[in-house]
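In my numbering, the protein residues as written are 15 to 293.
Please note that the accuracy of each hint is not assured.
As the list claims (entries may be wrong) - With a straight-line cut-off of 20 Å between C-alpha atoms, the simulated EDC-like cross-links for lysine to aspartate or glutamate are: (1) Lys49 - Asp70; (2) Lys207 - Asp187; (3) Lys75 - Asp57.
The hints are simulated quantities; they were obtained by calculation from the structure and are not laboratory data.
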Amino acid sequence: MKKKYGITYITPFILWTTLFFILPTTIIFIYSFLKKALYGGVDWQLSFKAYIDLFDISLLKIFLNTSFVAIVSTIITIFFAIPSAYYIARSNHKDKLIFFIIIPFWTNFLVRIYSWIAILGNNGLLNQILLKFGIIDDYLMFLYNNGSIITVMVYTYLPYAILPLFSTIEKFDFSLLEAARDLGATKRESIFKVFLPNIKTGIYTAMIFTFIPAFGNYAIPQLVGGINSMMIGNVISRELMITRNWPLASAISVFITIITVSGILIFMNKNDKKKKVVL
Numbered sequence: 015m016k017k018k019y020g021i022t023y024i025t026p027f028i029l030w031t032t033l034f035f036i037l038p039t040t041i042i043f044i045y046s047f048l049k050k051a052l053y054g055g056v057d058w059q060l061s062f063k064a065y066i067d068l069f070d071i072s073l074l075k076i077f078l079n080t081s082f083v084a085i086v087s088t089i090i091t092i093f094f095a096i097p098s099a100y101y102i103a104r105s106n107h108k109d110k111l112i113f114f115i116i117i118p119f120w121t122n123f124l125v126r127i128y129s130w131i132a133i134l135g136n137n138g139l140l141n142q143i144l145l146k147f148g149i150i151d152d153y154l155m156f157l158y159n160n161g162s163i164i165t166v167m168v169y170t171y172l173p174y175a176i177l178p179l180f181s182t183i184e185k186f187d188f189s190l191l192e193a194a195r196d197l198g199a200t201k202r203e204s205i206f207k208v209f210l211p212n213i214k215t216g217i218y219t220a221m222i223f224t225f226i227p228a229f230g231n232y233a234i235p236q237l238v239g240g241i242n243s244m245m246i247g248n249v250i251s252r253e254l255m256i257t258r259n260w261p262l263a264s265a266i267s268v269f270i271t272i273i274t275v276s277g278i279l280i281f282m283n284k285n286d287k288k289k290k291v292v293l
């Protein structure tokens, strides 16, 4: 008689999901509909003020800036990740190259950010090189703007984009490119009409792995961004730690969660449609 071990196998997953996703998300969702207490925290009275405050002009500007930075960072990251993953997939030294890609994960995240501050700062490496060669006469402000945030984000999330793209490209049948060339397609046409459509899954995954953490990032804009480059993650931190407006912080978090889940559902829907077409 066969024993049913299904419940045993799935129990750790259910516990993990409940404790670290469902329960915290439920608490945040409930807090977003409560009233801010006088001295911080929440007052257990139903209120929609937090969601009304989401439409404040200053907050909407931060949402727009956050979206702009996250989208541009994602586009640039994918732009560099595709040729990098392609080269690794075609290389005879795949293991070594993948090893180099994951090396940054061994270093503390904050240490890597501060290394960029040392490069982009007024007395940083980049300014010193430009001054030494006479390219500039005075220090340039590379830090504390959207450009520095995007630069550090691209550096940070590039490995997250390369790895899923490499996994997809490695399975691609490169003889299709040769066949396309034999049929009269140019290199550009074979790339855009044959190669890219066949690695869509990797591209979508790379986009999700880049856009979602970039949209909610707190540390990078806090350290290398200026006052005018505040992002939504910094607003959540401010509302929690300084103004102690927990309902507003929760409402913003719910909004980010909706964006995250929507992106994942769209990705899953595209994959399901692709599988149905194949079948």
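Against the structure, the hints come out as follows:
no. : hint            : in the structure
1   : Lys49 - Asp70   : holds (17 Å)
2   : Lys207 - Asp187 : holds (14 Å)
3   : Lys75 - Asp57   : violated (28 Å)
Of the numbered hints stated above, the single one contradicted by the structure is hint 3.
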